[in-house]
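Student: One-letter residues, chain by chain:
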Amino acid sequence: MKTRVYVTLKHGVLDPQGKAIHHALEGLGFRGINDVRAGKLIELDLDEGVDEAEVEAMCRKLLANTVIENFRIEREALA
Amino acid sequence: MNSAVIVFPGSNCDRDLAVALRQVSGKAPHMVWHRDSELPEGLDLIALPGGFSYGDYLRSGAMAARSPVMRAVKEAAERGVSVLGVCNGFQILTETGLLPGALMRNAELNFVCRDVPLSVENSQSAFTSRYDAGEEIDLPVAHHDGNYTADEDTLDRLEGEGRIAFRYRAPVNGSARDIAGIINDKGNVLGMMPHPERVVEPAHGGTDGRRLFEGILEALG
Numbered sequence: 001m002k003t004r005v006y007v008t009l010k011h012g013v014l015d016p017q018g019k020a021i022h023h024a025l026e027g028l029g030f031r032g033i034n035d036v037r038a039g040k041l042i043e044l045d046l047d048e049g050v051d052e053a054e055v056e057a058m059c060r061k062l063l064a065n066t067v068i069e070n071f072r073i074e075r076e077a078l079a
Numbered sequence: 080m081n082s083a084v085i086v087f088p089g090s091n092c093d094r095d096l097a098v099a100l101r102q103v104s105g106k107a108p109h110m111v112w113h114r115d116s117e118l119p120e121g122l123d124l125i126a127l128p129g130g131f132s133y134g135d136y137l138r139s140g141a142m143a144a145r146s147p148v149m150r151a152v153k154e155a156a157e158r159g160v161s162v163l164g165v166c167n168g169f170q171i172l173t174e175t176g177l178l179p180g181a182l183m184r185n186a187e188l189n190f191v192c193r194d195v196p197l198s199v200e201n202s203q204s205a206f207t208s209r210y211d212a213g214e215e216i217d218l219p220v221a222h223h224d225g226n227y228t229a230d231e232d233t234l235d236r237l238e239g240e241g242r243i244a245f246r247y248r249a250p251v252n253g254s255a256r257d258i259a260g261i262i263n264d265k266g267n268v269l270g271m272m273p274h275p276e277r278v279v280e281p282a283h284g285g286t287d288g289r290r291l292f293e294g295i296l297e298a299l300g
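Sequences listed follow chains E and H, in order. Residues in the first sequence are numbered consecutively from 1, following this note's numbering. Residues in the second sequence are numbered consecutively from 80, following this note's numbering.
Hints were generated in silico from the structure; no laboratory data involved. A portion of the hints provided could be inaccurate.
To be verified - Derived DSBU-like pairs (lysine-lysine); straight-line CA-CA distance at most 35 Å:
(1) E:Lys10 to E:Lys40
(2) E:Lys10 to H:Lys106
(3) E:Lys2 to E:Lys19
(4) H:Lys153 to E:Lys40
(5) H:Lys265 to H:Lys153
(6) E:Lys2 to E:Lys40
(7) H:Lys265 to E:Lys10
(8) H:Lys265 to E:Lys61
(9) H:Lys106 to H:Lys153
(10) E:Lys61 to E:Lys19
(11) E:Lys2 to E:Lys61
(12) E:Lys61 to E:Lys10
(13) E:Lys10 to H:Lys153
(14) E:Lys40 to E:Lys19
(15) H:Lys265 to H:Lys106
Unchecked claim - Among the chain E residues that face chain H by a calculated CB cut under 10 Å, a handful are:
(16) Val13
(17) Ala20
(18) Gly39
(19) Ile42
(20) Val67
(21) Ile68
The beta carbon of each residue, even a glycine, is placed where N, CA and C say it ideally should be.
All chains should be built: construct the whole structure from the sequences, respecting the hints.
Tutor: Structure representation (structure tokens):
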């Protein structure tokens, strides 16, 4: 089963990379951008038997640093 | 003093640390490979070197923090063995949870590589006893992810308990409260971004790092 883990910085944690992307977009002439936050997308291909609790454990133990990051798990048949 | 330097794939300051430890203590440290699950017996100090362990994949220090040897390092630290983490070593210590907070990408996104003036905030620890409180020293930094971050409560606690060992005298990388190095609550774990091992003899262009190793030697015998 394809599972996606989105790792994003917590609110209130400054995101230097997001800020640089923001400035670069404005430098290209794009307007109306209020904020940019950069994160990670991790795709996992898992056996059917691996349940959500186990994916959450993977996130807490390795995929996200919960001091500064949040994670969201998306499980779907991506075909 | 019995010491060990942990070597990860991508470490590049392991030999510098080993030379500094040998020069100051007169005894060569054990070099321990990341796959080893046991540490040599009777260690007084474990040093985690700078570098780019595992290519900084996922997050700086993240993979190293989960390597077999770090389980043993964590157990040793909990037993009271002293642990020094420099640069990538500091990142590994926060990723392991032995020190609070996290080290993020530098605020200006650039790799900072130069000597920086620091003040010694705490001269009471086993690592800093050979410095004077408030003393100004110069140590080199060379990092991309040295921007120390923690929540306000943690920062206040570090501040209140005297656990900020070193502070930058001018902003270097966006670090909260200009933190350059912190100590754990028991006082046996120090993590710092600047490199004391790179300035231990006059030929290095400075000797301000030497007293850190002398202090450790004095405290641990």
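Student: Please go over all the hints and tell whether each is borne out by the structure.
Tutor: Comparing the hints with the structure gives:
| no. | hint | in the structure |
| --- | --- | --- |
| 1 | E:Lys10 to E:Lys40 | holds (13 Å) |
| 2 | E:Lys10 to H:Lys106 | violated (45 Å) |
| 3 | E:Lys2 to E:Lys19 | holds (31 Å) |
| 4 | H:Lys153 to E:Lys40 | holds (28 Å) |
| 5 | H:Lys265 to H:Lys153 | holds (13 Å) |
| 6 | E:Lys2 to E:Lys40 | holds (16 Å) |
| 7 | H:Lys265 to E:Lys10 | holds (29 Å) |
| 8 | H:Lys265 to E:Lys61 | holds (24 Å) |
| 9 | H:Lys106 to H:Lys153 | holds (24 Å) |
| 10 | E:Lys61 to E:Lys19 | holds (28 Å) |
| 11 | E:Lys2 to E:Lys61 | holds (20 Å) |
| 12 | E:Lys61 to E:Lys10 | holds (17 Å) |
| 13 | E:Lys10 to H:Lys153 | holds (27 Å) |
| 14 | E:Lys40 to E:Lys19 | holds (16 Å) |
| 15 | H:Lys265 to H:Lys106 | holds (26 Å) |
| 16 | Val13 | holds (6 Å) |
| 17 | Ala20 | holds (5 Å) |
| 18 | Gly39 | violated (12 Å) |
| 19 | Ile42 | holds (9 Å) |
| 20 | Val67 | holds (5 Å) |
| 21 | Ile68 | holds (5 Å) |
Of the numbered hints listed earlier, those contradicted by the structure are 2, 18.
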